[in-house]
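Enquirer: Listed below are the residues making up each chain.
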Amino acid sequence: MSSMAISPTSPAPRTSLARRVSALLYRRTTLALLLLLTPPLLWFGVVYLGSLLTLIAQSFYTFDDFSMQVTPEWTLANYRALLDAANLDIVLRTVSMALAVSAMSALLAFPLAYYMARYAKGSEKAFFYVAVMLPMWASYLVKVYAWTVLLAKGGISWWLIDKLGLTPLYEWMLTLPGIGGSTLSTSNFGRFWVFVYIWLPFMILPIQAALERIPDNLLAASSDLGARPWQTFVHIILPMAVPGVVAGSIFTFSLTLGDYIIPQLIGPSGFYIGNMVYSMQGSVGNMPMAAAFTVVPIVLIGVYLTLAKRTGAFDAL
Amino acid sequence: MHSERTPWALRLAAYGGLAFLHFPILVIFAYAFNTEESAFSFPLQGFTLHWFADAFARQDIFDAITVSLKVAAEATALALVLGTLAALALSRRDFCGKNGITLLLILPIALPGIITGIALLNAFKVAALEPGMLTIVVGHATFCVVIVYNNVVARLRRLPASLIEASMDLGADSFQSFRHVVLPSLATSLLAGGMLAFALSFDEIIVTTFTAGHEVTLPIWMLNQLGRPRDVPVTNVVAMLVMAVTTLPILGAWYLTRDTTDTAGSGK
Amino acid sequence: MKHAVEFDRVRRSYGAVNAVDDVNLAIREGEFFSMLGPSGSGKTTCLRLIAGFELPSSGRVLIDGVDASRLPPFERNVNTVFQDYALFPTMNVLENVAYPLMIKGVAKRERYARAEEALAMVALDGFAARKPGQLSGGQRQRVALARALVGRPRVLLLDEPLGALDLKLREQMQGELKALQRQLGITFVFVTHDQSEALSMSDRVAVFARGRIEQVDTPQALYSQPASRFVADFVGTSNVVDGALAETLTGRRGAFAIRPERIRLGRFDGAISVRGVVREVAFLGPVNRVDVEVAGRYLSAQLPSFSLQMPEVGTEVELAWERDAAHWLPEAA
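Protein chains in written order, with our numbering: chain Z, 1 to 317; chain W, 1 to 268; chain H, 1 to 333.
A portion of the hints provided could be inaccurate.
These stretches of chain W come out as covered by chain Z in the derived footprint (C-beta under 8 Å, 3 or more residues) [unchecked claim]:
| id | segment |
| --- | --- |
| 1 | 59-72 |
| 2 | 91-105 |
| 3 | 222-228 |
Residues from chain Z shown here face chain H by an in silico Cβ test under 7 Å; the list is partial [claimed, not checked]:
| id | residue |
| --- | --- |
| 4 | Arg20 |
| 5 | Ala23 |
| 6 | Tyr26 |
Source of the hints: derived by calculation from the structure; they are not laboratory data.
Quick reminder that beta carbons are idealized off the backbone N, C-alpha and C, glycines included.
The shape of chain Z in the complex, shown without the other chains:
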């Protein structure tokens, strides 16, 4: 280092208000934390949590069928009404669809996620990542709309089935009870398929993330110890993918439970929880009943999350 002369010290630091406040906050870290947290906490604690609790409180209010008025008298009538055959039917229909959609999404997502995690490298991997992320973030409504176009009478799906010579199979499927319908777009199968399409990316990425975390040397060790590829797959890869599948299914399950637009646009008549909530608060004006219906997915998802937590799925999120 050469010779040097650092110039003399410049004027003493100013003692502005910002500096004094800053010095105070430095000494009182809890106060600083509180100041940072106050705006988001006010928003989420008061606006969001407050709304949720008000909603849940509403579910215990009384709705008078004749005057169409809500009175703040505590009652369990709304929850008793949930157990009516018609309402129970809605809950079961929604839950079974949510489970079926989750299972199918996992099945379809797995090969894609597996390829992404273990085979795609460099730019191919980036391509896959973007190609999965784009449809995930793309407009929900446009995607649903696209399927109404695809499934419309005389549309692409019809043309494709015809060209592939699958018409007899297709007609046979439409006759199946619980799956079929008069056309593809009014069949339960069509609705199921659209649900699977819409939520599929939410399943791919968590599985991919879980598979990504399997160290290569673990697989090397497995084959070194004499395991055949399929044995490695069953004993090493599948168990380590489970948290990813569970994490993905949280999305597919929760999103299907609350959806009311797909059931409205595609598939046979018959309400889902979402439709029921929507029409109860809207045309019927029975907010307490609508509130009671929303408690169903809250409870179901709460149970689901508790179970999921045990599998370590939250690390895969």
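Here the structure of chain Z is known, so what remains is to put chains W and H in place on it, guided by the hints.
Expert: Relative to the frame of chain Z, chains W and H by itself:
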């Protein structure tokens, strides 16, 4: 792992899956240029740009786009402020209740949108607040905060603590340190988070239907269209437009964060 | 004499753990002061207490005779060179060095001129426009040094600044730091776990163990008169002899330390000598280390490697040292 070759069936399945994800979106793009007016028959009838002119001439579409842009911009601004504050508070120190607060931030996207929507609507009623622009923005900001939070908190965790210490050591108070050292490091993650929040808000429908009152956002306009067969071509054009408007920020956000482990958008 | 830094019964605890436990310390104006100790001994916490990154749980920290215990870092005229250099990645080298001046509100022309000056001082003129990411470890270290010195602090704190450099560069930087300190006359407080670094550079050294100071002294005194068994062992290597062996050899109770280089082979007049069996001979370059088992314990001797015939492993030898080469350790240790 042995240097085995990629099984062709797996590769086929992977690319098949991608094709499945993109096919319906491409179909919408194709139909936007289709000459046929009132049905979705296939093969397509012919090519035209006529519907674009039609769509751009419609005042209701223009109004809906304006409302959506305004909502998205305001919700994003709110989410940026709240999400950054939350990230600054939660990124380093551990304190009692931290996990609860994190859960609270995630809840609006973990629970189905319909719950957030109806809960807010109900609360607005109780508070005697007329649904409109304000209520839409409040609803959107609520679920956008976590997007910004996730992006910013990931970046903050990778920011060495010594940088802020160095800044204070050299005479900068907390505000100056934030302005000169923290904020420049956060710039790309704020931009990425903001763009994702914008995209999410721009095409949100579920919460919006509950909180919109008489306001018509672009997704609400589209939802209204789905029931009527006569405006099909214009709807196709708008659908394509919505897709384009949301795709660009998503790609931008990915590009900004692609070199890091906290790639944006990996959890919607 | 006024002290640059003083610790008055300073304690810093995290929960039940005392990272710094009742430390008293006085660092003189203009001296090169080192804090030496193994990791977790509290030396870095002490440095952070001077900088203000930590505030004491009890006791007082005085800077320039003024109580600074509750002052935030930005109110202290003390600057730090960080272990990871902590250069701002969004600024170039010149902006990094000019940062403290910008914060003080120095006009742009002047602050860049002074930053250039400081860069020249660390032989980095011509690097002003680079980003920190484009510099080598040694260059980053110099930028960090220029940045910490440009505001002319009363005290410069250095937190293991040479730890990440390779050996050659490290030795060069040791010399440069020492020269710089002499030239500027600024008090340097240097934290290190490397005892040879501390000994070669410092005017005085504080040896830390378990949150406490074991000894503060000049390097020579630390080496020749360690105040405790820990210091004898940590600063250089020592053979500590105690118990029955110490008593039979010298006729005195207690424990003494004897440096390996003071031990010779053979028997001399007026020297203490003892017989043992050679267990290991290790070649260390200028010297050989010979480990000899004596009455169930090992004594190490360092013998110049150029002249002597080294003993064979397994043979019996006689070790000897001058009576005054043994340093008796205080009873408490």
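Enquirer: Check the structure against each numbered hint from earlier and tell me which ones fail, lowest number first.
Expert: Checked against the structure, the hints that fail are numbers 1 and 4, while the rest are satisfied.
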